[in-house]
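Please build the complex by placing chain X on the supplied structure of chain B, with the hints as guidance.
Chains as they are written, first to last, in this note's numbering: chain B, 927 to 1373; chain X, 3 to 294.
Hints are all accurate, no fakes.
In the SDA-like style, the derived pairs of lysine to any residue whose C-alpha atoms are separated by at most 20 Å in a straight line are:
1. B:1212 / X:138
2. B:1136 / X:261
3. B:1129 / B:1368
4. B:1166 / X:268
5. B:973 / B:1305
6. B:1136 / X:222
7. B:983 / X:113
8. B:1136 / X:267
9. B:1320 / B:1305
10. B:1028 / B:1042
11. B:1046 / B:1070
12. B:1028 / X:121
13. B:1031 / X:108
14. B:1110 / B:1126
15. B:1031 / X:112
Calculated from the structure, these hints are not laboratory results.
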Amino acid sequence: MMSRAAITKTTAIIIAVVIIIAAVGVGVALYLMGGVPTAPPAKETIKVGFSISLSGKYMTKGKYSLLGIKAWAKWVNEELGGIYVAEYGRNLTVELVYYDDKSDKATAMRLYEKLVLEDKVDVCLCPYSSHLTYAVTPLLDSYRMFSISHGGASVAIFQRGLKYVIQALSPTTKYLTDCLNCLKAYLDDHPDAFPGWPDTKPKVAIIYAKTEFPMSCAEAAMSWCGDNGWPVVLYQGYPKEFTPEQIASLVETAADHGADVVIGGGYLPDAEAIVTQAKALGVNFKFMAFLVGPAIPEFYEHLGADAEGVVGPTQWEPGMGYTGTDEFPFYGMTEDKFLELCRELDTEVLGYDIEYPSYHAAEACAACLVLQKLIEEAGTLDSDALRAKANEVKMTTFFGKFQIDPGTGLQIAHDMAVIQWQGGEKKIIWPPEVRKAELVFPKPAWP
Amino acid sequence: MEAIAIVEALIHGLLLGGLYGVLTLGLSLIFGVLDIINLAHGAFIMLGAYVAYTMFVFAGLNPLVSMVVAFPLGMAIGLLLYRYVVKRVIGAPHLMWILLFFGIMVFMEQAAYNIWGAEYKGVPFSLPTANLGGMAIPYSYVVGFVAAMGMAFGLYLLLYRTRIGKAIRAVAQDREAAALMGINVDKIMGIAFALGIAMTMAGACILIIVQPSIYPLMGHHWMDLAFCVAVLGGLGSPTGALIGGFIFGVVETLVLRLGLIPEAVLAPVVPFVILIVTLLVRPEGLMGARGR
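Only chain B is shown next, with the shape it has when bound in the complex (with noise of 0.2 Å):
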């Protein structure tokens, strides 16, 4: 049996080889931790983090977005420093980290997580398009990641209670109903134009792509007639993937049922589709809005002559000129400056030179001008915060009015321009205040 004084040294012994193991043990973890942690350091970036479509099917208008994104970064930090951050007492440096989502859901879901949890952005832009977006707004949500929807119009996305996405662009409800009020009011100022209005009031026929966005548009056009009085003739969904005779029978239906309007589409190809069957037909139309496809160049370059007169809704054109009002004072770069911007980093982002941008890169920028207009209100960079200061703020940039729905999300103020080819050229005729000519109505005949 050991003596109680060699007990007291085994005991002290055995104590002093644990401390050191100890020791040792906390020495290495703390080596490869990186050393004894400290104070983090001075937050020098916000982090705008997002996918953008740089390949697949929707690669061009992604493009274009991403080009008026990288125009108000550009912006923001060589021409202002940054943006002032109360919390920091500083100017933060706008920092985009950015992938390419190819198109895809799967893929955009993926790398929003990366984004969120690897990455650790700050704020999110959503990705181009009402699919991706609807796609990635709740795995955002879920996060508490503050973002903004820029290319995702569709109504659908706002109507499941999120509550930390709000949209910059005008939503799918206003694209043909704005084309509609175009319309409206022009009869209401010439009202020898059509036979018996008011009283009697044009009949519509609304033939439209049965996908998600013209599916939307076309809901809220019925809506609008039924709210106004205005007959629907026909309303009816044809298939995505279309054939000629398919657009052909709705078009005679159409004309059968006498309607003096017809509206709805779905992209460039159902625009081109159904105005070349009307023409086939010979069948002559008061009025032809479609969505999407009249406000792009290739409508005319595709169509020729065949597209005069014909009408289209479009979020933005240049040349609008917005300046802003008492109730929605003017924010951030002017027009002028921010075609300037694009000019300079077309090259870099879509390989060639352009002399104005499509409307996806001003809807981008606007996006991103809410978002810096957001932070330096709020003074901080948390969630909860910058959706506290959207539901107040009411703004006009160069894109033109925000305003978002306190409950929901969606943008209320923004309006859509109307657009109509006139001798070639297509002309903003539509919202009244910025308006460049004056709609041309009926329709000219086919030539």
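Below, chain X alone, put in the same frame as chain B:
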């Protein structure tokens, strides 16, 4: 519905049907001779459309004239593809050529994205519409029909009035017997494959006269339609492809104009209903040989 409207619908159906038939000729010819289904048929329609677009951009050619470029280009592509790729799966299990052509299709679509971009392209080629006794007859339909029938007649002359055509028909009928007769079966199969590709690409130049939008994935829809028309007419029979095209064009037009389906969005069901009925009633198709 008035009688004149029905007659108008019939005329439109026949005119469009001729185009549908020509778009199917290549698919039928390749199956008839090589015994494989070109699952990239739609991608070659897309490629032909882009050839027409490129010829318009660089040389100002209208789509009909572009056929003169698309056809020999299709022959060259077909010959190269057969020589270095397709030949390896002749006689192989079906899964091999299914995967091969699927891969070719994906490759071509992605290449199109990179070469021409994702945005829609088009060739301005607008023609007026004639009024014939109250019926609207679009010149675009008539021109498309005439060009399509010209191509079909050219194929007929090749197959039935030339030695090469005779050899093609012999190989399609019985490959071993043709070889015993001294026909270079491998060479003939290459020519037939190339001819099928060339016809498809040239047919696409006609297509964009009536359906102007060109984009990388446009071929999927036309592949579905061409397959149904080919089965209706008899896979392997170019004559059957034409007849199937006419029938399909007329049926589609009448079904839609007479309102026999509740919504236009159900229109894609029509070719597949025709496909199912054909398979149930006469699986070999209208002009196909029994037992195939």
